[in-house]
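Protein chains: 2
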Amino acid sequence: MKVLILAADGFEDTELICPMYRLKEAGFQVDIAAPEWGEIRGKHGYGVTANLTLDEVEPSAYRLLLLPGGKSPERLRIIPRVLDIARDFAARGKPIAAICHGPQILLSAGLIQGLTATCYHRISRELESAGVRYRDVEVNVDQNIITSREPGDIPAFMREIMKALENST
Amino acid sequence: MKVLILAADGFEDTELICPMYRLKEAGFQVDIAAPEWGEIRGKHGYGVTANLTLDEVEPSAYRLLLLPGGKSPERLRIIPRVLDIARDFAARGKPIAAICHGPQILLSAGLIQGLTATCYHRISRELESAGVRYRDVEVNVDQNIITSREPGDIPAFMREIMKALENST
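Chains P and Y supply the protein sequences, listed in that same order. Residues in the first sequence are numbered consecutively from 7, following this note's numbering. Residues in the second sequence are numbered consecutively from 7, following this note's numbering.
With the rest of the complex left out, here is chain P:
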């Protein structure tokens, strides 16, 4: 049972670390992929080890894709390999969970246009302009895509993630 987190320097620390611990608690192996192998650092100074580069990711091996927020998504959304990974999860009907600025990656990958979603309030306009039906709620689930606004939404975000993992294979 493996899940994948895509992140880069500047991630919102609790949006990566709390879900990572929660998924480990439930028995999942959590792989973290970044542009380069090794330590990446969050906005608040926490370091986590990226044990995979983006090129090493084999999307079919994972049950879930998790996209934390902070400054990480704006670094990742311009990397074609990141968008391909997200599209691969979507094509397989696997759950994708994005919080805060994380939905920017899904937008660049063309995966949430026409769907309902939430995100960090400052980027809600960007999503709406692109045809996303923005909802100001702690968590939104549309098809296989789970979105939340900010760290305080993590309890609701994780509740829906755990539910999606129970219902998927």
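FYI, nobody ran anything at the bench for these hints, they're computed from the structure. Please note that the accuracy of each hint is not assured.
[What the hints assert, rightly or not] List of simulated lysine-lysine pairs, BS3-like, C-alpha gap at most 25 Å:
| # | chain 1 | residue 1 | chain 2 | residue 2 |
| --- | --- | --- | --- | --- |
| 1 | Y | K169 | Y | K49 |
| 2 | Y | K49 | P | K169 |
| 3 | Y | K8 | P | K169 |
| 4 | P | K49 | Y | K77 |
| 5 | Y | K49 | Y | K30 |
| 6 | Y | K8 | P | K49 |
| 7 | P | K77 | Y | K49 |
For chain P, the structure is supplied; the task is to place chain Y on it using the hints.
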């Protein structure tokens, strides 16, 4: 269903925030009590709101006492009211969970002498000198006391906390 966290400025951010989110995910109301009402700040700069002062705490209302680490425990362990709250939970046989420097509070309250426990490695000598049987494990459960060493142990720590909450009333 309520749980209580005791904390002060300098808490280890993830040791308070990740368990708080996890317990909220499971439907618990999480009260945070500190020496004064209002915002307390972690080592990494996260702020959380203490919604109760120590004097306002009614221990009988809670299912669990959680003691995060960092610099918070050394501030709390010298406050008699903190030790009385911990002793009240112990006397009622309620689960008490302490991570990192958190067990220092239990030591000052006289609650882990003679038991097995773990803690942040730099304070293991202090515990052993006081008659605690220190174990270098990710989580240790002895009677109603759950202890862990550091943030990376949070998955195992939360697994035992959730188990204790299921088994208690």
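Hints breached by this structure: 1, 2 and 6
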